[in-house]
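Enquirer: Using the sequences plus the hints, can you model the full thing?
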Amino acid sequence: MTRFPSGLDRIRHSFAAKLLLALAGTVGLLLLVTVATIRVQTHRQVAVALRRSLQQSRRVFAQQERDVREGLASDVNRWVQSNRIYAALDDALMNGSVDTLVLATDYEITLALRPPALTLHAYTDASGNPVGSALGPRILPRPDAGVPAPLVRWLLASDTGTATFGYHLVEHRLFAVYTTLVANPFGTVLGTMTLGTAVTDSMAREAGQAIGAEVCFVADGGCVAATSAARKGLDSAMVAMAGVRQARRVDWRGRRFLLRADRVSAGAGMRDVWRVVAFPLDGVLGPFESIQRAALLAGLGALGLAVILAIVLSRGFARPVRALVAATERVAAGDYEVRVEAASRDELGTLAGAFNEMTEGLMLKERYRGVLDKVVSRDIADELLKGEILLGGETRRVSTLFADIRGFTAMTEGMEPQRVIALLNEFMERASDAVEAEGGVVDKFVGDELMAVFGAPMSRGSDADRAVRAALGIRRAMEAVNRDRRARGEPPMGVGIGINCGDAVAGNMGSPGRLNYTVLGESVNIASRLCDQAGPGQILVVEPFLAQLETAVDAEPLGPRSFKGISAPLQVYTIRSLRETPAVDDRAETVSAPGGADGSASSSPNPSPSAGATVAGAVLAAVLALGGAVPAHAQNLPTFEELGIGWTSPDGSLQVTPSGRIEVEGFVPGDQYRGLIDATDAFANLRASLFVDVFAGQRVFGSVELRADRGEAPADRPLRGRIEQAYLRVTPLPSANLSIQAGKFVSPFGGWPQRHASPAQEAFIRPPLPYDYRTVVSTTAITAGPAGFQTWKNRPEIFRHLGAPPVWAAPYQVGAMLTGGWKALSARAAVMNSAPSSEPGEWNSIGAGEHGPSYVAHAEVKVIPELRLGVSYDRGSYLQDQTTLNPLPPGEGVDHYKQVLWGFEGTFARGPVEARGELLLDTWDVPNLADYPRDVSFYLESKVKLTAGLFAAARYSGIRFDKVDNGAGGRERWDYPVDRLQLAAGYRLGRTTELRAEYMLNSTDAPPAGSDDLFAVRWSWSF
Amino acid sequence: MLRLRLAAPGAALLLLTAAAAARPHAAPAVRPSAALGSIEGHLTLSPSAPRRVANRYPGEGGGAAHRVGSVPAVAFLVGPVAGARAPAGERPRLSQRDTSFQPPVLVIPVGTSVEFPNRDPFFHNVFSYSSTKRFDLGRYPRGESRTVVFDKPGVVKVYCEIHQWMRSAVLVVENPFHAQVGADGRFSIAGVPPGRYRLAVWDFDRGQRVVDVTVPASGAARVDVRL
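Order-wise, the sequence lines are chains A and B.
Residue numbering for the first sequence is 0 to 1022, as defined by numbering that gives the first Met the number 0.
Residue numbering for the second sequence is 0 to 226, as defined by numbering that gives the first Met the number 0.
Keep in mind that the hints were calculated from the coordinates and are not lab data.
Watch out, some of these pointers could steer you wrong.
[Stated by the list, open to error] With a straight-line cut-off of 25 Å between C-alpha atoms, the simulated SDA-like cross-links for lysine to any residue are:
| hint | chain 1 | residue 1 | chain 2 | residue 2 |
| --- | --- | --- | --- | --- |
| 1 | B | 132 | A | 109 |
| 2 | A | 861 | A | 738 |
| 3 | B | 151 | A | 738 |
| 4 | A | 792 | A | 971 |
| 5 | B | 151 | A | 94 |
| 6 | B | 132 | A | 231 |
| 7 | A | 792 | A | 209 |
| 8 | B | 132 | A | 95 |
| 9 | A | 231 | A | 209 |
| 10 | B | 132 | A | 343 |
| 11 | B | 132 | A | 124 |
| 12 | B | 132 | A | 364 |
| 13 | B | 132 | A | 135 |
| 14 | A | 364 | A | 436 |
| 15 | A | 792 | A | 343 |
| 16 | A | 822 | A | 734 |
| 17 | B | 132 | A | 94 |
| 18 | B | 132 | A | 92 |
| 19 | B | 151 | A | 436 |
| 20 | B | 151 | A | 92 |
| 21 | A | 944 | A | 24 |
| 22 | B | 132 | A | 98 |
| 23 | A | 743 | A | 827 |
| 24 | A | 792 | A | 669 |
| 25 | B | 151 | B | 86 |
[Stated by the list, open to error] A few chain B residues facing chain A, derived, Cβ under 10 Å:
| hint | residue |
| --- | --- |
| 26 | 128 |
| 27 | 130 |
| 28 | 156 |
| 29 | 159 |
| 30 | 165 |
| 31 | 166 |
| 32 | 204 |
| 33 | 208 |
All C-beta atoms, glycine included, are put in the ideal place defined by N, C-alpha and C.
Expert: Have a look at this one:
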């Protein structure tokens, strides 16, 4: 018995583990896919951004270098063509002094507004021998210090004398240098001149600002020019980049950079100069990281929620199971009075009910058995209860024991009857106990005689020995009784016992209505005779019986005696004692037998998660996998507009624009889906909509939507076509933002119907509860009064189809609407032919009928661009013209009973996150009820765009019901609360196609029990 | 920006032509002595093929229309010659006319001031970066003149910054013994007292070469110089 709790734990763990695995696995997978997608996208985007930055930086540097080179070329070309420079160089060459030359050039440098200290000029003769070098007016000690020898060599070697550009280091400073020939006007080449400008921090800064990065020019293992940040310590990492071809990431002062080195000059003999750019990564990575963080947080939140949900669900599952187990233990212990409370109406509730029925049955059986046990032996009762005892008989080898009280009649003479019965019962009880202790069956009591059988209805082996032991047991018991009696001064009871063994007929004897199990035969008669002959305390047997014994006994022969019906006299013995005690205690087997029930508890079927959830998980994974696998461009089906389908009048005043949408939906509802889907098996729905929009001038607009699908409340039924909407809108003053609309269009009440058809705005497939749950208020059935009304919530499910939701999904009703707007405020007022809760069949009538119209008002204000708040109101008759069940109160028509709805909505959208909420307050005027049943329904939802095209959304909605008079002096809630959780994910496969999936879980106590979830997928194509 | 592109033979021809056209120099004003010798020389101009500069701007400024001022080579004795002083004649002029310097080469004694009158109807800017005498006369219009005193012996190359083809040389000498080299390369310096001298032969583009020469009491010392 003690194994039950461990069995329970195993069940719980297994169930909790599966539930946890299913929920956390789905959410975790979603999270993983989301995060992985973001990561991949991040890498891709960062790579793209960096590639762009790199290209941009190369452009900027190339431009900067070009500017520097052109500036140098412009100056130096002008100067070398001026005869001052060649006159000065000529003099220097003639006289060996560069003073005049440096003076002359410095003069030009000053005129050109070049900073002298940062301007290098150097000269060679026509053979390339250095003549002199100077920084502005300062002549460098070594004449060759400023001469970029490789450039001069290339220049002099080239046929064309094309000037050359490069970089040269002078006094640890990097100069961009330009070298050209100096010739006199008559064509004589005097030598070369090099003009250089220092690559300064300000140049690095200028480029850095242009590309938004840190820049460092590296030469000779040092930073020769850099932006300020690079100067402040980043330079060491940047200097180390010289010669490195790959990009490197470094962290510096909490900021992340990507370093990239480019060689800015190369060639034999030229110094290597590296331009190292540090692109700041924070700006690029930041948005992605915040998305990733948000997704991760949301995902982890969802994961936590899933874990909590799993725990709560498994606990909710375990509690009744534990109660059941405890009850089972008590039943096992023999307490059949135990009852389990059936708290819920789900499978566990059903199980609890079944358990209660079972214990009831057990109790009844036990009661019968108790009675049986009292009248027949337990074994026989067992056999009888098993139904295995045949009416006929069978010949068995049985040992029969007879015991009776010697001198009973004399002893009881003059005794009070109660005391006689008490005396008899004392004997019978002791004797029965002794018999049963040895596995014998007390066959019957006849007067003061007890008859016991060993070996029937079943043999336990060693039946003769058992009989002897039983007899000895009776004798012992009687000795004890007699001790007590003597102590009380009462005469002792002498019991004589006879035992015999032999074939006898065993079976139920009597009429079918009253059977008596017994054994009959010669040997039985001998036992009876032996008993008659036995003196007080004697146990008489005949010789053949002793031969049957397996255990040796001490027996005293009493001599041969004759028995009636036996020809030869038989030797009779009286048994004194058994020589040895039996070693085997067979009773252990009988005790342990019930233990077999242990295994059944542990092998209880493990509740498997609902098939819908499994399918949902699988399909969700498939959708996500598909979404990731199908390239976007492959899904770019063309639209009507792109195909040029449409018509515009020659003067452009009339324009007809068709468009369409095809949606393929798959639904896997649970056992008991309570929304506006009339199915409990999986089915697919095709929804084809064709829109024709007509624009006539600026003032008139008409729109018609033809739709074919499997019903407004989709179900497994044939496709049906209908006009979903058809209306004409007139805008009298296009500038005034005022319009009048009439026809069949969606009711302006509430927020959800307005956007339900827009895939961009609505992330889910199914509506939230306020728009998708039938209450028990009916549009046709009239209740007789409060007491009857209170029973409606518990009526079979079929009756709920008579109930009306607060708003019937998106009701496309016939009506007229006035719309206006002013600044951030917009408002609509409409008269519709029926209440928002009315059935689709009511929507299409042109008139309102007897029940009268419904008046709707809606106002919305844009508080800030991200936040919109709205309020709607509706008042209208909800009863249909024809009502059933009970009559309306006398003198009242259907138009008297109104539904009043208030709706409050809010939308917040910023960046990739959207959040919405809506609260509906619903009041019904129900005939024959003094109270007004009210319900409150709401939803909160959030949608996150994870990456381009991919979104995930979650929505929680609920409906609560007020208490009304229950007709019995109390107040009671008129319907069960319902909660709904919707998780959706969608992926835009292309510009016009989208795939989304949704899993919905409903929770309620409303009957009937059954998993109430829904998995839905939808592929839609707008064209 | 003018740039004249000349082929080597063309330049030599031009120089020779210019030398031939030059006015013969006046005989040195040396007091005749008992015995005077002379120097007969020949200058061979190496047909140097100077590196050409690519004419990146053909035809710009009509550079080809201007002929670069040709300056004849000059031979002269270096250093003072005892008893022979260079004549301090009238104030010499190096005038700018028809965008050229007149005369192409001016030989003057040390300490002479030279006038640089502008005879053209536009600005000239005469300057020299030569170590012998560095000066910059700035821009001045027609009719104006500037004066420079040449106080050191040597060759002073004179240019106009505005008109780059204009050039000229002022040869500042310490003795009267000098001669222009003729178109045929010959030059002759007469009336030189016998003795050992250093003879410099100078060409505007090729620089100068100094050779030792011994002038006999009578007759001529023959010198062959290559530049």
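Enquirer: Quick check: which numbered hints come out false for this structure?
Expert: Going through the list in order, the structure violates hints 3, 6, 7, 10, 12, 19, 33 and respects the others.
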